[in-house]
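*Asks:* Below are the chains, spelled out letter by letter.
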Amino acid sequence: MDMFANLWLGFGVTLELKPISFTLFGLLEQAVVYRLPINIFLCFLGCMIGTLVGVLPGVGPIATIAMLLPITFGLDPVGALIMLAGIYYGAQYGGSTTAILVNIPGEATSVVTVLDGHQMARNGRAGVALGISAIGSFFAGTVATLIIASLAIPLTRVALLFGPAEYFSLMVMGLIFAVVLARGSVVKAIAMVLCGLMLSTVGQDLETGADRMTFRWAELSDGLDFAAIAMGMFGFAEILRNLENPETRDVLKNKIGKLLPSWQDLKDAAKPILRGTFIGSALGILPGNGAVLGPFASYTVEKKIAKDPSRFGRGAIEGVAGPESANNAGAQTSFIPLLTLGIPPNAVMALMVGAMTIHGIVPGPQVMEKRPDLFWGMIASMWIGNLMLLIINMPLIGLWVKLLKVPYNMLFPAILMFCSIGIYSINNNPFDVVMTAFFGMVGYALMKMGFEVAPLLLGFVLGKLMEEYLRRSILMSRGDWSVFVDFVNRPISATLIVIAVIMIVVAFLPSINKSRDEVFTE
Amino acid sequence: MPDTDVNATAEPRGLIKSPQDLMAGLFLVAFGLFCLWASSNLSGGRGANLGPGSFPRGLSFLLMAVGAVVIAQALTTIGPKLEAWSVRGPVFVLGAVLLFAVTVRPLGLVVAGPLALMVSAFAAKDTRWLPNAIFAVIMTIFCILLFKVALKLPIPVAPWAGW
Chain B
1 MDMFANLWLG
11 FGVTLELKPI
21 SFTLFGLLEQ
31 AVVYRLPINI
41 FLCFLGCMIG
51 TLVGVLPGVG
61 PIATIAMLLP
71 ITFGLDPVGA
81 LIMLAGIYYG
91 AQYGGSTTAI
101 LVNIPGEATS
111 VVTVLDGHQM
121 ARNGRAGVAL
131 GISAIGSFFA
141 GTVATLIIAS
151 LAIPLTRVAL
161 LFGPAEYFSL
171 MVMGLIFAVV
181 LARGSVVKAI
191 AMVLCGLMLS
201 TVGQDLETGA
211 DRMTFRWAEL
221 SDGLDFAAIA
231 MGMFGFAEIL
241 RNLENPETRD
251 VLKNKIGKLL
261 PSWQDLKDAA
271 KPILRGTFIG
281 SALGILPGNG
291 AVLGPFASYT
301 VEKKIAKDPS
311 RFGRGAIEGV
321 AGPESANNAG
331 AQTSFIPLLT
341 LGIPPNAVMA
351 LMVGAMTIHG
361 IVPGPQVMEK
371 RPDLFWGMIA
381 SMWIGNLMLL
391 IINMPLIGLW
401 VKLLKVPYNM
411 LFPAILMFCS
421 IGIYSINNNP
431 FDVVMTAFFG
441 MVGYALMKMG
451 FEVAPLLLGF
461 VLGKLMEEYL
471 RRSILMSRGD
481 WSVFVDFVNR
491 PISATLIVIA
501 VIMIVVAFLP
511 SINKSRDEVF
521 TE
Chain Z
1 MPDTDVNATA
11 EPRGLIKSPQ
21 DLMAGLFLVA
31 FGLFCLWASS
41 NLSGGRGANL
51 GPGSFPRGLS
61 FLLMAVGAVV
71 IAQALTTIGP
81 KLEAWSVRGP
91 VFVLGAVLLF
101 AVTVRPLGLV
111 VAGPLALMVS
121 AFAAKDTRWL
131 PNAIFAVIMT
141 IFCILLFKVA
151 LKLPIPVAPW
161 AGW
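Chains as they are written, first to last, in the working numbering: chain B, 1 to 522; chain Z, 1 to 163.
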């Protein structure tokens, strides 16, 4: 089996010993060289930071990854991506801890865990809730890793058949999915995508080298900085929002209780975990923020098929096991569109694109061929990371609970400091810091106008490529704009556009719109 | 979930049914117009060859169209009011970031760090001077150790002392 050979290669990369030289901050005359499994260490570090971030309400994974990007500059690309991936799925884990213990979703995907998880905690079963969510997540992570490994090669082959027109249509479809699956108004989400695309055009034109919308500012001729937009709009704007709605953290005073679920608990949770894993995996692959939908879908399914649905909301273990598994599975499989097609399905993956680009890797189908070590190393690290999370979360839970007591007025200045130093060190340029503050203000204003900024970041990341493919397609078709919907010569492109159109029409149907709102408000 | 639903009231408010959407729509139209003007000096290209101006210009028109839809929504569908804008948060938070940008090069992290940390903390209402100052000093030392010593990022720590 190819898949296992590849995974084996991946494990090799993750566990590889690398020579690291220590100069003890320049004090030693001769560098001491050790051989260390540095990737495993980075994976662990990512998982720890991710858990930390997930636990702390008010610090999202997007802001964290954005602010830690500069720290990964000195690492090799494999290590950097392993660490960033660890932060992402670590945050998914940590979010459930806060959901269960404090009744606040630490992260958007743990919104449903609050419903039954916190009730379980109230009933004195906090430990079991945490335990079952960790076990479910680990199982889901394992299955999702296998799904990624088995889908990667066929999907990449498909992607290699793509010409510029297909790519353009694929991106249109991806963005439409992102818009439809986003929270809030579809029209406003479309507007944000367009704004993101617009921002991506600032800087030199790819073909002619002409300065575009730079207003003769030399600083703008390289284009707007991705990290400045991400940190400003997510990091700073998020802080501004949190400062306005001071949350009260009602940390559970009961004992957490034993972590290991009883045999009966495991039996009750087994099927929901299985169902949640598959629901989450399937939705996670979808372009758009499918990973967020997984837990909602899983919760609805469990409630529908339960013998006694009235138990839900009062501490039903199925209501924790299913969504938590779905959540982690979706987080993992959302890497598939990025790794195989080079298209980020959500804002976190958009940041991964940013990270890859900084390291000189263009995400897409060619990565698997050119850098198999990076590709499979990252996938293998996900499984190892999930195993680590099990260890990080179960015995150390007391430590995380203590972290919940860090007051926000110490937390946010620290975040600001990290972001400022990080953004400065990307180009050693104070102008970037000013830009970040500017985008912080823009993000705050957009929030006040009822916009969600995640689609903007997606649009910005995809913008340059989309324009390039659009211009190339039109050039190749000699100015014929029907090239994207030409069923005879370009069936793939036409199909993708049709799917996109159907999605958008469906999203505007009043009845669907209503049930969509219900899903997001529940 | 968007707090918008919470604020939505059942009673229609005259001609403008959703002030928030009206604001959003006007912003989109204005941004579209601004981009159209900003890209007006770029050649649009002809026929098969799309020039540097085509994409931004196309986007400008789309933005204005979407803005018009949002404005139409604001006049027909009941939606949330405009939320109040806080002044304290943006002033202290973004002010601190700007202070950092201005001071980091000439004065280094030793000065820029505590300055930004202390100023930003006053964005929260319950911040007190002394704990805040102590925290700022500890945090700055931690950042110097992490970014300069451990990660070796070329950030000026104390340029006046040659570090």
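For the record, the hints were derived by calculation from the structure and aren't laboratory data.
Wrong hints could be hidden among the right ones.
[What the hints assert, rightly or not] Using 27 Å as the maximum straight-line C-alpha spacing, the simulated BS3-like pairs for lysine-lysine come out as follows:
id, chain 1, residue 1, chain 2, residue 2
1, Z, LYS125, B, LYS405
2, B, LYS448, Z, LYS125
3, Z, LYS17, B, LYS448
*Asks:* Next step is simple, just say for each hint if it's right about the structure.
*Replies:* Okay, the hints, checked on the actual structure:
1. Z:LYS125 / B:LYS405: holds (18 Å)
2. B:LYS448 / Z:LYS125: Given pair LYS448 of chain B, LYS125 of chain Z holds - Cα atoms ~21 Å apart, limit 27 Å.
3. Z:LYS17 / B:LYS448: This hinted pair holds, its Cα atoms lying about 17 Å apart.
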